[in-house]
Amino acid sequence: MELLIFYPLALVSVILALFVVFNKSPIGSAVCLIGMMLGLAGVFILLQAHFLAILQIIVYAGAIMVLFMFVIMLLNLKDDDTKWKIRERNIFLSSATGVLILGILYKIIDVTTDTKFDSPATVPDNFGTVEVVGTTLFTDFVLPFEVASILLLAAMVGAVVLAKSKVD
Amino acid sequence: MVPLTHYLIFSAVLFSIGVLGVLIRRNAIVVFMCVEIMLNAVNVSLIAFDRYLNQHDGQIFSFMVMCVAAAEVSVGLAIVIALFRNKATVNLDEINLMKW
Amino acid sequence: MSFVNLAFLVPLFPLIGSIINGFFGLKIGKDRVSWVACAGPVMSFAVTLVLLVSTFFHPEGTPYPEQSLFTWIAAGDLTVDFGFQIDPLSLVMMMVVTGVGSIIHIYSIGYMYAEYSYYRYFAYLNLFLFSMLLLVMGNNFLVMFIGWEGVGVCSYFLIGYYFEKKSACDAGVKAFVVNRIGDFAFLLGIFGIFKMFGTIDFTEVMTAAPTTLIFDGEAATLITMALFIGATGKSAQIPLYTWLPDAMEGPTPVSALIHAATMVTAGVYMVVRCSALFNLAPFTMMIIALIGGATALMAATIGCTQWDIKRVLAYSTVSQIGYMFLACGVGAYTAAIFHLVTHAFFKACLFLGSGSVIHGMHHEQDIRKMGGLKDHFPITYVTFLVSTIAIAGIFPFSGFFSKDEILYHALMDGNVIYWGMGISGAFITAFYMFRLVFLTFHGPSNVEAHVHPHESPKVMTLPLIILAFLALTGGLLGIPLFHGWHVLHNWLEPVLAFDLEAALHASEVMLAEHGHHVSFAEVLHKAQHTSHNLWVEIGLMAFSLVVALAGIGTAWFFYLKRPDLPAKLVKGQWGFDLVENKYYVDEIYDETVVKPIVKGSDLLWKQADMRGVDGAVNGVAQTIGFLGKIARSFQSGFVRNYALIMVVGFIFLVIISQIEV
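Protein chains in written order, with the working numbering: chain A, 1 to 168; chain B, 1 to 100; chain C, 1 to 661.
Errors might be hidden in some of the hints.
DSSO-like cross-link-like pairs, simulated, lysine-lysine; straight-line CA separation at most 27 Å [said to hold, decoys possible]:
no. : chain 1 : residue 1 : chain 2 : residue 2
1   : C       : Lys166    : C       : Lys599
2   : C       : Lys369    : C       : Lys599
3   : C       : Lys458    : C       : Lys374
4   : C       : Lys166    : C       : Lys582
5   : A       : Lys107    : B       : Lys87
6   : B       : Lys99     : C       : Lys629
7   : C       : Lys595    : C       : Lys582
8   : C       : Lys595    : C       : Lys165
9   : A       : Lys24     : B       : Lys87
10  : A       : Lys78     : B       : Lys87
11  : B       : Lys87     : A       : Lys166
12  : C       : Lys582    : C       : Lys571
13  : C       : Lys369    : C       : Lys166
14  : B       : Lys99     : B       : Lys87
15  : C       : Lys165    : C       : Lys369
Computed beta-carbon distance windows for the label pairs [stated by the list, open to error]:
no. : chain 1 : residue 1 : chain 2 : residue 2 : range
16  : C       : Val613    : B       : Val68     : 57 to 67 Å
17  : A       : Met69     : C       : Ala643    : 16 to 26 Å
18  : B       : Val68     : A       : Ser95     : 26 to 36 Å
19  : C       : Phe626    : B       : Glu94     : 29 to 39 Å
Here are some chain B residues pointing at chain A (derived, C-beta under 7 Å) [to be verified]:
no. : residue
20  : Phe10
21  : Ile17
22  : Gly21
23  : Asn27
24  : Met33
25  : Asn54
26  : Gln59
27  : Met64
28  : Ala70
29  : Val75
30  : Ala78
31  : Ala82
Hints in this document: simulated from the structure, not taken from any laboratory. Where a beta carbon is used, it is the ideal one built from N, C-alpha and C, also for glycine.
Using the sequences plus the hints, can you model the full thing?
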């Protein structure tokens, strides 16, 4: 049953990701990316990580991608020309990379065909809910949480400093 | 029952697409988006393992990844804007002043 | 009271003079330079006189005093002091060196006054005296070797004094290089001595010699041959004599001091000092006598054909030193030293006299452009004549006594071949020396018109007079025939005494220990039965006198009575060409020794050094540069390449982590 939900979601996400890479317009890429994130949010819900699914939509698709859109429109980027040469040199290196990545994939599949992980573990009912995640976050992981907030502050300051115009 | 393997393969495929995008595209912002794809793929993998092992650590980790992604995107885009202001292009091939 | 503590002053005075003149000479002016330069040798001479007198009162049989300044080397088995020994032999040499040295320094004031680098000349000359005194005063082989090398270096400096002339520089280099070959052999000898004796102190080696070296054994022969080859280098004998005629490029007082009186006699001194070793090697003694005699004869023949005043005198020096070695070769060490002393007197006088002529003729040296100078150079002529008579060996001048003693011992202690070489050499010596006198001072004048010859100032003629007087009276040191009147022999006896019987007996014992039973009885018998035959001696003296007079007469005939005859007789004779070109020895050496060495060095330089060593070093640098160029290509500034490299690195790490070893 879950498989029936998982496969379409996964397929859609992969196709949208491919569109992100091979789209000639940046706005098109951004929109496809938003779609892919929505698909991923679905996958998260399938995995009973409700809090994170919502977070994905609100933060990623809602804030980060909007920021992307803002910048694309601000810079008024035109479409890329379609004939990107797969770089002038190092064709050999690129193909080797491709082969190697496939190899890694195979290896991963090989490793993970361990049947121990065929069925998920029994989880309590409130697994992945806001309360449980929140409790864990504020008790066991409070330090990373605080550091993350400082990180966000630093990022904000950094962004303002970098992007402001030089007129003083 | 979806075996864990499927989720992992899904994550790996997404990750490879992200890497491919980084290596192929010339537009800096699109490259950035491909980096986001990679981060999302990792998130998937983390949460899948969490579910199959009945833990919360992966979800917290995933939370932090999102947090960092947000910070990174904001600073990165600010850099791209600054770069655009100087060179009027976001084409990575033309940004090669660090040549030897 | 022992005056030996003053010994170190003797070399010190000239050294101080050299340092002062060398560093400050240009600033203090020529007159002060002269005073400083001459004060050194004169004060050394005074101290030597004091030491000489104190040695008169030295009790017999006790070892002679030594002064050790400090222990120089103390390394394992080798202990070497820097010390001086004051015994009769070194005192004779010190008197000659400081005495004749002082005289020549005073002469040089007049000769060199017009030179710009006046101070440099005296600095080097004083340095030379210092080295020579180290050589003769040293109490071990190493101190002597320092002096040996030092005189070689100073000879190089002084020969190349007129360094703007290429011929002078070449002559200096030639002298040094040929000397060096001899020095190498000398060093090998010293190494051998250290190996056999464990010490290189003179007294210890000479007293231990009979009981350490087997008579006529390989060790004795090899060591003494090595030492003798060193002596031939320094004293210009066959085969290492070719540097001495070229050394005449230096100023004339240098030729007088270094190449007549002192440096070239260092080899003779060394052989006499090591007489205990040489007495144990009869084979080497034979070689020494043969080489000495051959050199005496060969150089005398060359001297007959030379046209440069100084060259004639140079070959004469080579010839006379050959006589000294001939004496050493037959065991007559006292005669060798006697001839050394008298030769110093008359040869220095001859060189200084020729210098006076050259100076007065404005540096003309070719005797074909002289003639009839005796009116222009009265004092020089008389002193030159006196010295020439001395060298020819006419009674009662000094040369007669010394040369005659050598010839007597050559016949009695050696054999008739040695005597034959000696007496023929004496004839030719008389001949060419008087040829020189007649062509220079007598006969018609061939002087060129622009040259106005004039006599030299008193500062130059006074030394000539002193030396001529010594050449006249020097024979008093060694009056033969009357027992006990040979002053030099009595003086040197304690140093040169050698108990042959005990030595032979010790050798027999040593050989018996190794299982060889040899008897040296007939050697002993032969040595003991050469007695002092009075009538033979008188007969020989008369004969050599006749021979010398015949030589003078022949020269008079060919150069005064019939001066046109020599040119007619030698025209077209291949023998004359051979002799005039010095038997082509220089050319032979050049082809067989010099050219292969130069070619070999060239080969080594081009191949081994430039291509091999430089190539390796440069190759390392080039390799690194090449690798750097490859590494540089990574920094393309191309962001996508960087990303690619990151991905490749990541994959690489993953693969590595999966490899199960």
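Status of the hints after comparison with the structure:
1. C/Lys166 <-> C/Lys599: 22 Å, holds
2. C/Lys369 <-> C/Lys599: Violated: C/Lys369 and C/Lys599 sit about 41 Å apart, past 27 Å.
3. C/Lys458 <-> C/Lys374: 17 Å, holds
4. C/Lys166 <-> C/Lys582: 22 Å, holds
5. A/Lys107 <-> B/Lys87: 43 Å, violated
6. B/Lys99 <-> C/Lys629: It holds: about 13 Å lies between the C-alpha atoms, which stays within 27 Å.
7. C/Lys595 <-> C/Lys582: Cα-Cα ~20 Å, so holds.
8. C/Lys595 <-> C/Lys165: 23 Å, holds
9. A/Lys24 <-> B/Lys87: 21 Å, holds
10. A/Lys78 <-> B/Lys87: Answer holds: A/Lys78 to B/Lys87 is near 15 Å, not above 27 Å.
11. B/Lys87 <-> A/Lys166: Holds - the C-alpha atoms of A/Lys166 and B/Lys87 are around 15 Å apart, at most 27 Å.
12. C/Lys582 <-> C/Lys571: 17 Å, holds
13. C/Lys369 <-> C/Lys166: Holds, at about 24 Å.
14. B/Lys99 <-> B/Lys87: Within the cut-off at roughly 16 Å; holds.
15. C/Lys165 <-> C/Lys369: 22 Å, holds
16. C/Val613 <-> B/Val68: 57 to 67 Å: For C/Val613 and B/Val68 the Cβ distance comes to about 59 Å; the hint holds.
17. A/Met69 <-> C/Ala643: 16 to 26 Å: 24 Å, holds
18. B/Val68 <-> A/Ser95: 26 to 36 Å: 32 Å, holds
19. C/Phe626 <-> B/Glu94: 29 to 39 Å: 31 Å, holds
20. Phe10: Holds, because the Cβ-Cβ distance from B/Phe10 to chain A comes to roughly 5 Å (cut-off 7 Å).
21. Ile17: Hint on B/Ile17: holds, closest Cβ of chain A at ~5 Å, below 7 Å.
22. Gly21: 4 Å, holds
23. Asn27: 5 Å, holds
24. Met33: 5 Å, holds
25. Asn54: Since chain A brings a Cβ to about 4 Å from B/Asn54, closer than 7 Å, the hint holds.
26. Gln59: For B/Gln59, the interface hint holds, since the closest Cβ of chain A sits about 6 Å away, which is under 7 Å.
27. Met64: Result: holds, 6 Å to nearest chain A Cβ.
28. Ala70: 6 Å, holds
29. Val75: 5 Å, holds
30. Ala78: Holds - the Cβ of B/Ala78 comes within 7 Å of chain A, reaching about 4 Å at its closest.
31. Ala82: Holds. Min distance 5 Å.
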